[in-house]
Amino acid sequence: MVKKRVPALMLASVMALSVLAACGSKDSASGGSTGTGANGKENVEISLWLTPQWKGVFDASEPNADYDSFFKKAAEKFAQQYDKYNAKVKVQVVAGDQRDELLNVNLNGGTPPDIFFESVFAMGDYAHRGALVPLNDIVDDAAKKDIPANYWDSVTFGDNIYFYPFAHNPGTLAYNADMFRAAGLDSLIGGENEIKTWTMSEYEQILEALKTKLPKDKYPNAKPMALYGLNNQGDTWNLAYLRMFGNKFFDDKGNIVLDDANGVKAAEWLQKIYKNGYTNPGAESVSSNDANAMFQNQKLAISFTNAVLFNNAKADMNSGKAPKFDLRLANVPSASGDPLSFTYVVGSNVFNSGNEKKMEVAKDFVKFYSTDPELVKASKNSVPVRSSVASELKDQYPLFAAYDANSKYLFNLTGNVPGYSQLRQLLYPELQAIYIGEKTPAQAVKDYQSKGNGVIQKAKESSTVYKK
Amino acid sequence: MQLTKTRKKREKVDVVANAIVIFFAVLNLFPLYWLFTSSLKNSSDVIKMPPDWWPATITFSNYVEVFQSQPALRWTFNSLFVAGVSTVLVVAVSAMAAYAFSKLRFTGKNVLFIIFISSMMVPKEVMIVPLFRISQDLGLVNNLFGMIWPNVATAFGVFLLKGFFDSAPDALREASRIDGAGEVRTFLQIMLPIVKPGIGALFILNFVQVWNDYLWQLVIGQDKEMKTLMVGIATLMQDLNPNFAYKMAGATVAAIPMLLIFLLFQKYFTRGISIGAVKE
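Note that the protein sequences, when read in sequence, are chains A and B.
Position one of the first sequence corresponds to residue 1 (my numbering), numbered consecutively onward.
Position one of the second sequence corresponds to residue 1 (my numbering), numbered consecutively onward.
Just so you know, the hints here were simulated from the structure itself, not pulled from any lab data.
No false leads were mixed into what you were given.
Taking lysine-lysine pairs in the DSS-like style, the calculated list, with each CA pair at most 27 Å apart, reads:
{"no.": "1", "chain 1": "A", "residue 1": "Lys367", "chain 2": "A", "residue 2": "Lys84"}
{"no.": "2", "chain 1": "B", "residue 1": "Lys48", "chain 2": "A", "residue 2": "Lys211"}
{"no.": "3", "chain 1": "B", "residue 1": "Lys48", "chain 2": "A", "residue 2": "Lys218"}
{"no.": "4", "chain 1": "A", "residue 1": "Lys216", "chain 2": "B", "residue 2": "Lys48"}
Excised from the complex, chain A in its bound form:
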């Protein structure tokens, strides 16, 4: 009797769970046209994906601020004034390291998101693959005038614009000025609203002082600088470090040229600071997020940051999530003395879903939140690409001027080469090999260049942009 009860109980449990479970989401994965509304207009549902950027509509201090708050608010505002259809926007936040897996499966399944809001460098490949639709028709003269040409250049592939620029994220170093003071480095601290530029020798002096003079009782087990190589995230700063001794990384034809004396010297420098204890230990198994969390917890004196990470870190301090300290910015130093400065434009693209109505609504929505005078102010969480917004907010955000002053040193981080997503997959294993001593820096650089150029060549051959 008891024996019969066990399977019966299991079956009953399964049935009960099935009944209880709201097994399916009420909404479909990708949305679509779903009949007509009471106002006689056709219902069209589109999906928007984004990776975590800033929290809140305008500010992380808003109640219930989350990464999707801005787009939910924008969707609400858009639907109220949109007269073509009853538009519904489903917003989904996707973790950075899940983005490509999810996108590739959905693209192959014919259900890509209608819009993706992301850094252009991370998604340029999708333009080369023909997965995105050009946005030339929603970019008007007013937008072209308000957003400087260099931002339009970075979102243009071949003859077409594939991303509508919203903000940009200049990449810099962040440092804990309190730790600098504690290590006797007062003279090398920049101003509160300055992006400090150090020479290479000053930087090495800083690392040495932080390693040897930082009071152990106040900053136990703290290390001078963040170094990471666990995965493909945060690779942009590693790409900057590899240019420290003058290597230009890409040639004019879009091939990797890291394998020269300067490229090897940079890789050797990374190995040297790691081996000599100037960085966090275990760089090969530390992610960029881990490194930043260690920095925020004052276990590292120097880390990397961009405008949005910097603002998030300040918000964490103000909300008590992280200890408060004097957080300031510096450039990645270089042997030439000029700062190594880069930025990446963040914006929206529209996927070719094959559904004309959805693509029309998606484009209209992108144009709406990228031009609406109130909504574009959310770009202050990074740095606004619109001159009008930057100029309106410059008094409130004095760092905008510092970022602007840096712009003359900008280098093109990705070279706009096709296959960049795959290149990201190649870099971190070579860095890991350097840190664990599996390869010499020279060998790692050589292997990266050889594999990377193979990837670029293949991607060029299949690029719809290059074929034109």
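Since the structure of chain A is already known, use the hints to place chain B on it.
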């Protein structure tokens, strides 16, 4: 005298062997201990040096934050539902198929079994896109049953249980048939109880496998509410949050159900594996 000496020597060896086993057991358990205790600390205490081996002040705020800022309860339910239903279905389907391959006679049985077993060599990742397209056509994206159905017909389950059915004497089945029992009754009342240890092992192995089936659950459960615990917690780990203890709490929440399953069913697990390994 000689016997006592030998016994004493053996006891000494036992003590040393046990000490080594205990050392490695503690070594294995330490990460779990560290995970759990860290989840009860403040963020700054997690990375304190020298570390606190036990939290100086215990706080549950990290757990509160996990459950308040994320739909972690819903994710837990989703994981339990997907793993539970998948496992019950796998056990049912595998037991029937294994019985057929082991005890019934039909043309092409061996060829069919080899083909079936060969499918174990194809990694699931290769089939993700076709499976996703089928799930879409069936309207099973963002649906828990979409996470379940590809797991139901598992060659491993059939392979495992066939070994158990093979070791059950044919005479039992024949006697049952002579006594007038039909095939279904023979299967349910005579043969199935004999392979209970195998079913227990399959239950646990499959439950663990489905619980950790990250990629498939990631692509099917796209809405926040439809994520499973493993996918949801992985997303949480990517959050730009400097609170290490919060992430530790998330990882603990993901680990606890699996630990409970092992603790509750370890008898079946060890018996199932050891019985399956020896064939007489």
